[in-house]
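Chemist: So the protein sequences, as listed, match chains A and B. Its first residue numbered 1, the first sequence is counted upward by one per residue in the working numbering. Its first residue numbered 1, the second sequence is counted upward by one per residue in the working numbering.
Because the hints were derived from the structure by calculation, they are not lab data. We put the beta carbon where it would ideally sit given N, CA and C, even for glycine. Don't take every hint at face value.
[As the list claims (entries may be wrong)] Here are the in silico distance ranges between beta carbons for each label pair:
| id | chain 1 | residue 1 | chain 2 | residue 2 | range |
| --- | --- | --- | --- | --- | --- |
| 1 | B | Gly293 | A | Ala131 | 20 to 26 Å |
| 2 | B | Glu268 | A | Val151 | 33 to 39 Å |
| 3 | A | Met93 | B | Tyr320 | 52 to 58 Å |
| 4 | A | His94 | B | Pro375 | 56 to 62 Å |
| 5 | B | Glu376 | A | Gly115 | 38 to 44 Å |
| 6 | A | Arg128 | B | Glu317 | 57 to 63 Å |
[As the list claims (entries may be wrong)] The calculated SDA-like cross-link candidates involving lysine to any residue, where the alpha carbons are at most 25 Å apart (straight line), are:
| id | chain 1 | residue 1 | chain 2 | residue 2 |
| --- | --- | --- | --- | --- |
| 7 | B | Lys267 | A | Phe258 |
| 8 | B | Lys267 | A | Thr130 |
| 9 | A | Lys237 | A | Arg128 |
| 10 | B | Lys267 | A | Pro260 |
| 11 | B | Lys267 | A | Leu133 |
| 12 | B | Lys267 | A | Ala174 |
| 13 | B | Lys267 | A | Leu143 |
| 14 | B | Lys267 | B | Asp183 |
| 15 | B | Lys267 | A | Leu126 |
| 16 | B | Lys267 | A | Ala171 |
| 17 | B | Lys267 | A | Pro124 |
| 18 | B | Lys267 | A | Arg128 |
| 19 | B | Lys267 | B | Met392 |
| 20 | A | Lys237 | A | Ala171 |
| 21 | B | Lys267 | A | Gly183 |
| 22 | B | Lys267 | A | Gly134 |
| 23 | B | Lys267 | A | Gly90 |
| 24 | A | Lys237 | A | Gly183 |
| 25 | B | Lys267 | A | Leu127 |
| 26 | B | Lys267 | A | Lys237 |
| 27 | A | Lys237 | A | Ala174 |
| 28 | B | Lys267 | A | Glu125 |
| 29 | B | Lys267 | A | Leu9 |
| 30 | B | Lys267 | B | Leu401 |
| 31 | B | Lys267 | A | Ala131 |
| 32 | A | Lys237 | A | Arg140 |
| 33 | B | Lys267 | A | Phe8 |
| 34 | B | Lys267 | A | Asp132 |
| 35 | B | Lys267 | A | Phe29 |
| 36 | A | Lys237 | A | Glu180 |
| 37 | B | Lys267 | A | Glu180 |
| 38 | B | Lys267 | A | Phe136 |
| 39 | B | Lys267 | A | Phe220 |
| 40 | B | Lys267 | B | Gly288 |
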Amino acid sequence: MSLYLSQFLHAWAYASILYLLALGLSLTFGVGRVLNLAHGGFYMLGGYAGYSILRSLDNFWLAVLLAPFVAMAVALVAERLVMRRFYGHGMEMHQILLTFGLAFVISDGIREVWGARILTVQAPELLRGTADLGLFTFPRYRLFVIVVGIVVAVGLWALINYTDAGVKIRAAAADGEIAETLGVHTRRVLAMTFVAGVGLAAFGGVVAAPMQALAQGVDFQMLIMALIVVVIAGLGKLETVYWAALLVALVEIFGRLFVPRAAIFLVFTLMALVLAFRPTGLFTPRSA
Amino acid sequence: MKLRKLAAVGLSAALLLTACGGEDDGAAPAGEPEGTAEGEGGEAAEATGDPLRVGVVIMTSGVYAQLGEDIIDGMELYLGTVGNQAGDRPIELLIEDETADTGTALERTRRLVEAEEVDILTGLISTGSAYAVADFVEQSQIPFVVSNAGGDDLARGERSEFIVRTSFSNWQNNYAVGEWYYDNVGETVALIASDYAAGQEHMRGFRESFEAAGGQVVDEVYTPLGSTDFSSAIGRLGASGADGVYGFLAGTDGLIFVQEYDQSGLKEDLPLVASGFMVEEDVLAEIGEAALGVRSGLHWAYDLDNPENQEFVQMWEEEYGRAPSVYSVQGWDTARVIVEAVEALGGDVSDGAAAVDAMLQVEFDSPRGPFRIDPETHNVVHHVYLREVVDMDGEVHNTMLEDLGEFADPGA
Numbered sequence: 001m002s003l004y005l006s007q008f009l010h011a012w013a014y015a016s017i018l019y020l021l022a023l024g025l026s027l028t029f030g031v032g033r034v035l036n037l038a039h040g041g042f043y044m045l046g047g048y049a050g051y052s053i054l055r056s057l058d059n060f061w062l063a064v065l066l067a068p069f070v071a072m073a074v075a076l077v078a079e080r081l082v083m084r085r086f087y088g089h090g091m092e093m094h095q096i097l098l099t100f101g102l103a104f105v106i107s108d109g110i111r112e113v114w115g116a117r118i119l120t121v122q123a124p125e126l127l128r129g130t131a132d133l134g135l136f137t138f139p140r141y142r143l144f145v146i147v148v149g150i151v152v153a154v155g156l157w158a159l160i161n162y163t164d165a166g167v168k169i170r171a172a173a174a175d176g177e178i179a180e181t182l183g184v185h186t187r188r189v190l191a192m193t194f195v196a197g198v199g200l201a202a203f204g205g206v207v208a209a210p211m212q213a214l215a216q217g218v219d220f221q222m223l224i225m226a227l228i229v230v231v232i233a234g235l236g237k238l239e240t241v242y243w244a245a246l247l248v249a250l251v252e253i254f255g256r257l258f259v260p261r262a263a264i265f266l267v268f269t270l271m272a273l274v275l276a277f278r279p280t281g282l283f284t285p286r287s288a
Numbered sequence: 001m002k003l004r005k006l007a008a009v010g011l012s013a014a015l016l017l018t019a020c021g022g023e024d025d026g027a028a029p030a031g032e033p034e035g036t037a038e039g040e041g042g043e044a045a046e047a048t049g050d051p052l053r054v055g056v057v058i059m060t061s062g063v064y065a066q067l068g069e070d071i072i073d074g075m076e077l078y079l080g081t082v083g084n085q086a087g088d089r090p091i092e093l094l095i096e097d098e099t100a101d102t103g104t105a106l107e108r109t110r111r112l113v114e115a116e117e118v119d120i121l122t123g124l125i126s127t128g129s130a131y132a133v134a135d136f137v138e139q140s141q142i143p144f145v146v147s148n149a150g151g152d153d154l155a156r157g158e159r160s161e162f163i164v165r166t167s168f169s170n171w172q173n174n175y176a177v178g179e180w181y182y183d184n185v186g187e188t189v190a191l192i193a194s195d196y197a198a199g200q201e202h203m204r205g206f207r208e209s210f211e212a213a214g215g216q217v218v219d220e221v222y223t224p225l226g227s228t229d230f231s232s233a234i235g236r237l238g239a240s241g242a243d244g245v246y247g248f249l250a251g252t253d254g255l256i257f258v259q260e261y262d263q264s265g266l267k268e269d270l271p272l273v274a275s276g277f278m279v280e281e282d283v284l285a286e287i288g289e290a291a292l293g294v295r296s297g298l299h300w301a302y303d304l305d306n307p308e309n310q311e312f313v314q315m316w317e318e319e320y321g322r323a324p325s326v327y328s329v330q331g332w333d334t335a336r337v338i339v340e341a342v343e344a345l346g347g348d349v350s351d352g353a354a355a356v357d358a359m360l361q362v363e364f365d366s367p368r369g370p371f372r373i374d375p376e377t378h379n380v381v382h383h384v385y386l387r388e389v390v391d392m393d394g395e396v397h398n399t400m401l402e403d404l405g406e407f408a409d410p411g412a
């Protein structure tokens with residue numbers, strides 16, 4: 001029993017990271033129909049930037065706070081220079097190629113700056129070691145990650161539903177052209193969400209760093225998982241991303257427990273089933 | 001659905017990018033001959049013959065990029081000591097990225113032979129690419145010195161007259177540890193390994209001697225290569241009721257696993273014994289204190305007590321400012337085998353079979369201890385050491401606990 005409970009918590013922590021990553025993807029897709037394939041790269045950049053900030057400032061919290069801005073700065077430059085020329089209908093292929101190329105640029109850039117060596121980030125003193133939960137002990141840092149996921153989810157829900165910016169985002173997502181005529185500067189909203197999404201991914205990257213290692217290849221690996229989450233949640237839907245991330249994480253973690261070799265296959269099967277029977281997303285009403 | 005288009009575009013873009021990627025790392029000359037150098041190369045004056053072109057197919061990108069870098073640095077370090085020449089010919093290294101794709105590895109090997117007309121080939125990190133390249137090497141009759149890929153079949157079913165291996169066979173290093181584990185850790189074990197050919201071969205080698213000694217494997221977990229989370233696997237190991245854990249996970253897999261294993265608090269009750277790559281020097285500094293106490297078997301240890309190793313470690317750290325790894329040693333030994341064989345032939349390597357024969361004769365004291373190549377299997381014969389991760393003046397390194405003796409792959 002305690003094995004299953006602790007695995008459940010592990011899955012939850014993993015889901016929180018997936019959530020942060022998938023959120024930005026879904027946000028950008030929802031608002032501008034832009035599929036940002038460089039998202040995994042920004043996630044990885046967040047982790048590496050966090051590593052360097054931690055090394056020089058010796059403060060984990062500052063690293064978590066500042067690392068997303070490094071990635072956002074890169075995203076802003078990319079958006080200004082190239083991305084914005086390719087918004088809109090009929091440009092999907094251009095965007096996909098562009099962001100895919102950007103993913104490679106980021107990956108090579110990281111290799112150039114930090115080298116090919118595998119790096120790790122230490123959790124802050126406070127969150128090291130395990131906590132005794134009665135039935136079993138569990139790594140403290142992972143409990144922290146679960147809390148971070150919940151805080152972001154609640155915060156985003158409040159932002160979307162109760163703020164002016166949230167209204168604009170929803171308007172731009174619902175119908176860009178009509179929103180435009182109503183005075184919403186869709187392109188600006190899009191640029192904003194693109195950069196904000198990157199910030200979330202980079203935040204995920206630096207939060208995940210003490211759980212994972214920083215190494216070449218993590219970017220595409222995590223991108224694929226995030227894409228699966230987005231597909232299961234329903235393309236562009238924000239409210240359901242959290243549950244989709246949790247579901248994917250549970251399938252993967254428990255899959256690995258019972259049938260290690262088929263765990264990834266199970267995740268893809270889940271996605272295929274959702275695509276076949278509920279193409280608008282697993283948690284959305286059929287009519288939506 | 002968009003996804004199909006996306007996949008197609010993604011794939012073609014990836015192909016395009018990998019195709020372009022290879023162009024810029026073509027020729028990388030090993031530098032000018034440096035005149036005289038100490039040791040065996042003492043008489044090395046100006047090399048005047050045609051350059052000896054050595055093609056190196058090795059991973060310089062991807063998850064195992066660091067391994068490739070260490071091997072190349074190790075080769076260059078050795079070549080520096082002999083004035084970058086052998087048999088009166090200056091040595092040129094032509095480096096190509098092996099990549100994770102076996103097809104690419106084969107294509108680049110081909111290019112080195114057909115377009116660059118190299119005299120000798122070396123490299124290969126992955127067992128998969130070694131198997132893929134074997135046939136071509138046989139046809140082209142260019143000697144190939146494998147400097148990492150440990151696939152057992154290279155000394156067995158896929159054995160080639162023109163392939164010599166200076167690194168290890170997967171069986172060799174793990175077979176050595178099985179009996180030690182039974183005598184020193186316990187009668188039952190839970191195994192964990194990456195789910196690919198090398199992982200399975202490592203476990204098979206261990207099982208063979210462990211079960212022969214009377215031990216029992218109570219559970220085994222195979223995880224996908226490139227995993228980022230091992231909590232499920234660790235959950236299973238913890239529930240297995242074994243006396244200890246034995247495993248093989250390399251690169252990031254090993255790093256993340258050892259850290260998570262430490263965090264799980266299992267280490268006290270369930271000691272971790274590993275195939276040495278899991279806690280080798282290339283990842284050890286990053287794993288840090290989480291690795292303390294992990295014991296492993298490998299053909300080299302940081303503080304291995306022989307003069308060749310002490311000199312090697314010192315020279316390496318002065319040159320590169322970081323600790324060497326077993327891969328550095330493999331690079332060093334590979335370069336030495338090539339240089340000494342070419343010397344023995346007076347610089348004439350036009351006959352591939354003769355060059356291989358000369359390599360089989362090479363014997364010397366390596367940083368890993370006595371080094372020779374089995375003329376039957378063409379695989380290195382070396383000692384395997386049982387090591388433990390300890391704190392050495394504030395840095396974590398592998399210290400040698402016990403010399404398990406000399407091991408050669410049985411070849412069948």
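Chemist: Now tell me, hint by hint, if it's right for this structure.
Modeler: Okay, the hints, checked on the actual structure:
For Gly293/B and Ala131/A, the hinted distance range of 20 to 26 Å is satisfied, since their beta carbons lie about 23 Å from each other. Taking 33 to 39 Å as the suggested C-beta distance range, the pair Glu268/B and Val151/A conforms, at roughly 34 Å. The hinted range of 52 to 58 Å is not satisfied by Met93/A and Tyr320/B, whose Cβ atoms lie roughly 45 Å apart. As the Cβ distance of His94/A to Pro375/B is approximately 60 Å, the hint placing it in 56 to 62 Å holds.
Range check, Glu376/B to Gly115/A: about 40 Å between beta-carbon atoms, so the 38 to 44 Å window is met. The hinted range of 57 to 63 Å is not satisfied by Arg128/A and Glu317/B, whose Cβ atoms lie roughly 30 Å apart. Taking the CA atoms of Lys267/B and Phe258/A, the gap is near 23 Å; set against the 25 Å cutoff, the hint holds. Between Lys267/B and Thr130/A, the direct Cα distance comes to roughly 13 Å. Compliance with the 25 Å bound is thereby established for this hinted pair.
For the proposed pair Lys237/A and Arg128/A, the alpha carbon gap of about 35 Å is over 25 Å, so the pair is violated. A C-alpha spacing of about 22 Å is found between Lys267/B and Pro260/A, which places the hinted pair at or below 25 Å, so the restraint holds. The suggested pairing of Lys267/B with Leu133/A holds, with an alpha-carbon distance near 19 Å, which does not exceed 25 Å. Taken as a hint, the Lys267/B and Ala174/A pair is broken in the structure, with Cα atoms around 53 Å apart against an allowance of 25 Å.
A distance of roughly 21 Å separates the Cα atoms of Lys267/B and Leu143/A; the hinted pair therefore holds under the 25 Å criterion. Of the supplied pair hints, the one linking Lys267/B and Asp183/B holds, its CA atoms being roughly 19 Å apart against a limit of 25 Å. Taking the CA atoms of Lys267/B and Leu126/A, the gap is about 21 Å. The hint holds against a cut of 25 Å. Of the supplied pair hints, the one linking Lys267/B and Ala171/A is violated, its CA atoms being roughly 54 Å apart against a limit of 25 Å.
The straight-line distance between the Cα atoms of Lys267/B and Pro124/A is roughly 21 Å, inside the 25 Å bound, and the hint therefore holds. For a cut-off of 25 Å, the pair hint linking Lys267/B to Arg128/A stands: about 16 Å separates their Cα positions. This hinted pair checks out: Lys267/B and Met392/B have alpha carbons roughly 21 Å apart, not beyond 25 Å. Straight-line distance between C-alpha atoms of Lys237/A and Ala171/A comes to about 13 Å, which keeps the hinted pair within the 25 Å bound.
At most 25 Å may separate the alpha-carbon atoms for a hinted pair to count; Lys267/B and Gly183/A exceed this at roughly 62 Å. Our distance criterion of 25 Å between C-alpha atoms is met by Lys267/B and Gly134/A, whose separation comes to about 20 Å. As the CA atoms of Lys267/B and Gly90/A are separated by approximately 56 Å, the hinted pair breaks the 25 Å bound. With a C-alpha separation of about 23 Å, the suggested pairing of Lys237/A with Gly183/A holds against the 25 Å cut-off.
Of the supplied pair hints, the one linking Lys267/B and Leu127/A holds, its CA atoms being roughly 19 Å apart against a limit of 25 Å. This hinted pair does not check out: Lys267/B and Lys237/A have alpha carbons roughly 43 Å apart, beyond 25 Å. For the given pair, Lys237/A sits about 11 Å from Ala174/A by alpha-carbon distance, which is consistent with the 25 Å threshold. Taken as a hint, the Lys267/B and Glu125/A pair is honoured in the structure, with Cα atoms around 20 Å apart against an allowance of 25 Å.
Our distance criterion of 25 Å between C-alpha atoms is met by Lys267/B and Leu9/A, whose separation comes to about 21 Å. Restraint check for Lys267/B and Leu401/B: the C-alpha separation of about 19 Å stays at or below 25 Å, so the hint holds. Distance check on the hinted pair: Lys267/B and Ala131/A sit about 16 Å apart at the alpha-carbon level, within 25 Å; holds. A hinted pair counts as satisfied when its Cα atoms are at most 25 Å apart, and Lys237/A with Arg140/A does not qualify at roughly 31 Å.
Taking the CA atoms of Lys267/B and Phe8/A, the gap is near 22 Å; set against the 25 Å cutoff, the hint holds. The suggested pairing of Lys267/B with Asp132/A holds, with an alpha-carbon distance near 16 Å, which does not exceed 25 Å. With a CA separation close to 45 Å, the supplied pair Lys267/B and Phe29/A exceeds the 25 Å bound. With a C-alpha separation of about 21 Å, the suggested pairing of Lys237/A with Glu180/A holds against the 25 Å cut-off.
For a cut-off of 25 Å, the pair hint linking Lys267/B to Glu180/A is broken: about 60 Å separates their Cα positions. Proximity of Lys267/B to Phe136/A is assessed by CA-CA distance (about 15 Å); at most 25 Å being required, the pair is judged to hold. Note on Lys267/B and Phe220/A: the hinted pairing is violated, with a Cα-Cα distance of about 32 Å set against a maximum of 25 Å. For the suggested pair Lys267/B and Gly288/B, the alpha carbons sit about 15 Å apart, so the restraint of at most 25 Å is met.
In the structure shown, a violation is registered for the earlier hints numbered 3, 6, 9, 12, 16, 21, 23, 26, 32, 35, 37 and 39, in ascending order.
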